[in-house]
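Trainee: Letter by letter, the chains look like this.
Number of protein chains: 2
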Amino acid sequence: MSNEKIPYKIYLSEEELPKQWYNVRADMKKKPAPLLNPGTGMPVTAEELGHVFCDELVKQELDETTPYIDIPEEILGFYKMYRPAPLVRAYCLEKALDTPAKIYYKFEGNNTSGSHKLNSAIAQAYYAKKQGLKGVTTETGAGQWGTALSMACSYFDLDCKVYMVKVSYEQKPFRREVMRTYGASVTPSPSMTTEVGKKILTEFPDTNGSLGCAISEAVEAATSQEGYRYVLGSVLSQVLLHQTVIGLETKTAMDKYDIKPDIIIGCAGGGSNLGGLIAPFMGEKLRGEADYRIIAVEPASCPSLTRGVYAYDFCDTGKVCPLQKMYTLGSGFMPSANHAGGLRYHGMSSILSELYDQGLMEARAVEQTAVFEAAQKFARVEGILPAPESSHAIKAAVDEALKCKETGEDKTILFGLTGTGYFDMYAYAAYNDGKMGDYIPTDEELRRSFDTLPKIGK
Amino acid sequence: MSNEKIPYKIYLSEEELPKQWYNVRADMKKKPAPLLNPGTGMPVTAEELGHVFCDELVKQELDETTPYIDIPEEILGFYKMYRPAPLVRAYCLEKALDTPAKIYYKFEGNNTSGSHKLNSAIAQAYYAKKQGLKGVTTETGAGQWGTALSMACSYFDLDCKVYMVKVSYEQKPFRREVMRTYGASVTPSPSMTTEVGKKILTEFPDTNGSLGCAISEAVEAATSQEGYRYVLGSVLSQVLLHQTVIGLETKTAMDKYDIKPDIIIGCAGGGSNLGGLIAPFMGEKLRGEADYRIIAVEPASCPSLTRGVYAYDFCDTGKVCPLQKMYTLGSGFMPSANHAGGLRYHGMSSILSELYDQGLMEARAVEQTAVFEAAQKFARVEGILPAPESSHAIKAAVDEALKCKETGEDKTILFGLTGTGYFDMYAYAAYNDGKMGDYIPTDEELRRSFDTLPKIGK
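As you go down the protein sequences, you meet chains A and B in turn.
In this text, residue positions in the first sequence follow this note's numbering: the first is 1, and each later residue adds one.
In this text, residue positions in the second sequence follow this note's numbering: the first is 1, and each later residue adds one.
What the hints contain is simulated information worked out from the structure, not anything from laboratory work.
Please note: incorrect hints may appear among the correct ones.
Same chains, same label: a pair holds when it works inside one copy or across any pair of copies.
Below are the DSS-like pairs computed for lysine-lysine, each with C-alpha atoms no more than 25 Å apart in a straight line [to be verified]: (1) Lys129 - Lys95; (2) Lys377 - Lys130; (3) Lys5 - Lys19; (4) Lys256 - Lys5; (5) Lys435 - Lys377; (6) Lys256 - Lys80; (7) Lys19 - Lys59; (8) Lys19 - Lys319; (9) Lys95 - Lys80; (10) Lys9 - Lys80; (11) Lys5 - Lys260; (12) Lys9 - Lys256; (13) Lys59 - Lys377; (14) Lys325 - Lys31; (15) Lys129 - Lys377; (16) Lys19 - Lys9; (17) Lys256 - Lys129; (18) Lys31 - Lys198; (19) Lys19 - Lys95; (20) Lys95 - Lys130.
Next up, chain A with everything else stripped away, as it sits in the complex (with noise of 0.2 Å):
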């Protein structure tokens, strides 16, 4: 079909959308690293796991064989409330850019959460909710998984305690209230409710918060009381899972009309949406039907993928979840306050993790100022304010279209649009008034942070 035929948005119909989540790890032959417990260093079990998830969803994390797992019909309803989320011609984009190359986007942003994050958060709600649970705990950093996850618990009548990394709190008051408005409880990180917030408050009282640490937190909250799990919004291959239905939709999309991606771009903070996005891609990648370039972006706040070591680390700052290999900075690496608070985190999925260590995708890091600049550009030419998560993947993507013009080469690209920035105006603000800094850490601090590495697992 040719490309004059592309309309500007594409929407599956409600029979095309998919009714199975795609699970990459199937077709992977070397495997990513099995999860160990912390304690013996052996790999932890369903039992163990089952202490701090739901059980379907340790299933579903420990099952590396099972290539497509059906989606609950329940899950599928509430995915029909706010997908199919559309295919993105960016006309305008391309225009402005006056580049050769085409430029699509996933855009995960329509719905009150804001991301792609209520895609897992539902499911993990429903799973919750099956096993006769009363609710479910969890951190939120920029607030979009904390939002996702009290919209789902909403709609399951469960109840939903939110631990919100500090300097998104603080940053983002609008969020708590979306949160409040369904139903949920929200609490800074660190915070003195638990242990492990005490202690973590007790070492370095003016910390802006983490994602690790707030896990921490959420993970004691949940363990600590009768009748609640732990339900986590990213880095998990269960996360990734649910979210492979950005990518089954995206695929579907493109094919109907006969459009191949050359390059596959999306932020990463712990990888849930760029996990997803590039699933069933990289699974013909694997398969040896198809190739793509895929990229994934991070802020060069928190590099992971660029700077880190691939080892096994705590996901949690508080080191009392099981350890797993991926690409990390450390534990006890504590990120500068930047506005992307959902890439704010230490380490990387660990299927990502492995994959990217296999040379199956590249990775890149990109400057806070220059990604609000692309961030502003995009908002003034294809009407969507995207969020800050977002805009790293639009560098990178406006980078690649940049290159094509020099060339001349008219390759398509495809990025994930994660969200929307509406919760994130001081952040726009600070770059409006032209008062936003980059930060980027020292190799020392890098090293410092390395040596919260734990022996185990070496």
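Use these hints to put chain B onto chain A, whose structure you have.
Mentor: Structure of chain B alone, referenced to chain A:
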């Protein structure tokens, strides 16, 4: 077609999008009364209006006979970036209410302006650009119109000066930043930058501001600068014309699935959303082809249709605009700081006023806390956090659906969900904290503001 087959969301294809706006005045036997020159008391001429508005928009304002007006290609191109807006079947709300009614809503919030306002903003910016102007001025209440206009002006590279009602400027600081991100300048109104602003501030130093007052300032700013014209986000017939894309899309989508609404509901401030939504249905009603119950919902704090008088009045507090015959509370009416900033206007579109006067539609006033109760219920089951303005329509739709539950009737209810409440979290916080009040003007207050009606045109 059976209701079983109706998807959660109906999206039209690009080819199905309307290519013409519909001018409902062409089908009205008794037309709205003409605009009057406040000095002479005679109908305003195109030349007089041309000092304030762009030429093409003046033509549209005065055209009472052409039923369909072509949408220029450039505007269609922009529409394709964020339209079609989905027509949603509110399956989850129906279930939560346990009603036999079938509820549909046309959701206009999936764009960065957060509302339907963009539909007219892009049209007005286009005609200003086409006329070779430097820029435009406007007022904004809740900030949705200002945001929409800043997006439209950025797209066509026009200067954009926004006078924002003071109470909204303070309650919604983030909307300012969105406008700034799109390159607009934003001034709280009343301000000392205009003569009329100075006068009002001298007389009422503690005023919260009002739309009528901000209009006066914006008109003065436009007419006192070379190359500028004033644009308005509601009330005017040209705006209702552009907003008919809402109703035309809705009608096409409903016809496609053989759905006929029994009741059509919209919130009404100046009337642009309601006028746009109902236009093609009202056209059928005027031509005797079909019948519908049509309900305008307004805040009890600013009840122009339900408690106002049908008379010639000033559109603005500064009394510089033409006089319009409309349902009005008097231009001296100072609404309370109701959180639904977009509904705090003393008058109503002359088209809707005339239709209401002819008994072709109903009106209903609802109180703020009841509106937020409906908003929260809707958010929790339908997954969209609605704007306070839109929630007035939700409240009325819920009430009608509950009546159906009582009577057992399976009526089809359509309402306009004009936008999202992401920038209204102070209002939601007040509701969450139980600190929201209701305000209903006394008869004595209304009598005093009716005294501000002009003698002319009576």
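Trainee: Please work out whether the CA atoms of Lys19 and Lys319 approach to 25 Å or closer within one copy, between two copies, in both situations, or in neither?
Mentor: The answer is neither: 37 Å in one copy and 60 Å across copies each exceed 25 Å.
Trainee: Evaluate Lys325 and Lys31 at a C-alpha cut-off of 25 Å and name the case that applies: within, between, both or neither.
Mentor: within (11 Å within a copy, 74 Å between copies)
Trainee: First find the shortest C-alpha distance between Lys95 and Lys80 inside one copy, then the shortest across copies, and answer within, between, both or neither for a cut-off of 25 Å.
Mentor: The answer is between: 15 Å across copies meets 25 Å, while 33 Å in one copy does not.
Trainee: Checking Lys19 and Lys9: alpha-carbon separation at most 25 Å within a copy, between copies, both or neither?
Mentor: both (22 Å within a copy, 17 Å between copies)
Trainee: Between the shortest in-copy and the shortest cross-copy C-alpha distance, which are at most 25 Å for Lys129 and Lys95: within, between, both, or neither?
Mentor: Classified as between: cross-chain Cα gap 19 Å, same-chain 48 Å, threshold 25 Å.
Trainee: I want to check one pair: Lys256 and Lys129. Are their C-alpha atoms no more than 25 Å apart within a copy, between two copies, both, or neither?
Mentor: Answer is neither: 36 Å inside a copy and 38 Å across each miss the 25 Å cutoff.
Trainee: My question is about Lys377 and Lys130: at a cut-off of 25 Å on alpha-carbon distance, are they close within one copy, between copies, both, or neither?
Mentor: Cα proximity of Lys377 and Lys130: across copies only (23 Å, versus 45 Å in one copy).
Trainee: Evaluate Lys129 and Lys377 at a C-alpha cut-off of 25 Å and name the case that applies: within, between, both or neither.
Mentor: For Lys129 and Lys377, the Cα distance is within 25 Å only across copies (20 Å; inside one copy 43 Å).
Trainee: My question is about Lys9 and Lys80: at a cut-off of 25 Å on alpha-carbon distance, are they close within one copy, between copies, both, or neither?
Mentor: both (18 Å within a copy, 8 Å between copies)
Trainee: With 25 Å as the alpha-carbon cut-off, assign the pair Lys256 and Lys80 to within, between, both or neither.
Mentor: both (20 Å within a copy, 20 Å between copies)
Trainee: Between copies, within a copy, both or neither: which fits Lys9 and Lys256 at Cα up to 25 Å?
Mentor: both (13 Å within a copy, 20 Å between copies)
Trainee: When Cα atoms must be at most 25 Å apart, do Lys256 and Lys5 count as within-copy, between-copy, both, or neither?
Mentor: both (12 Å within a copy, 23 Å between copies)
In summary, the structure is inconsistent with hints 8, 13, 17, 18 from the numbered list given earlier, while agreeing with the others.
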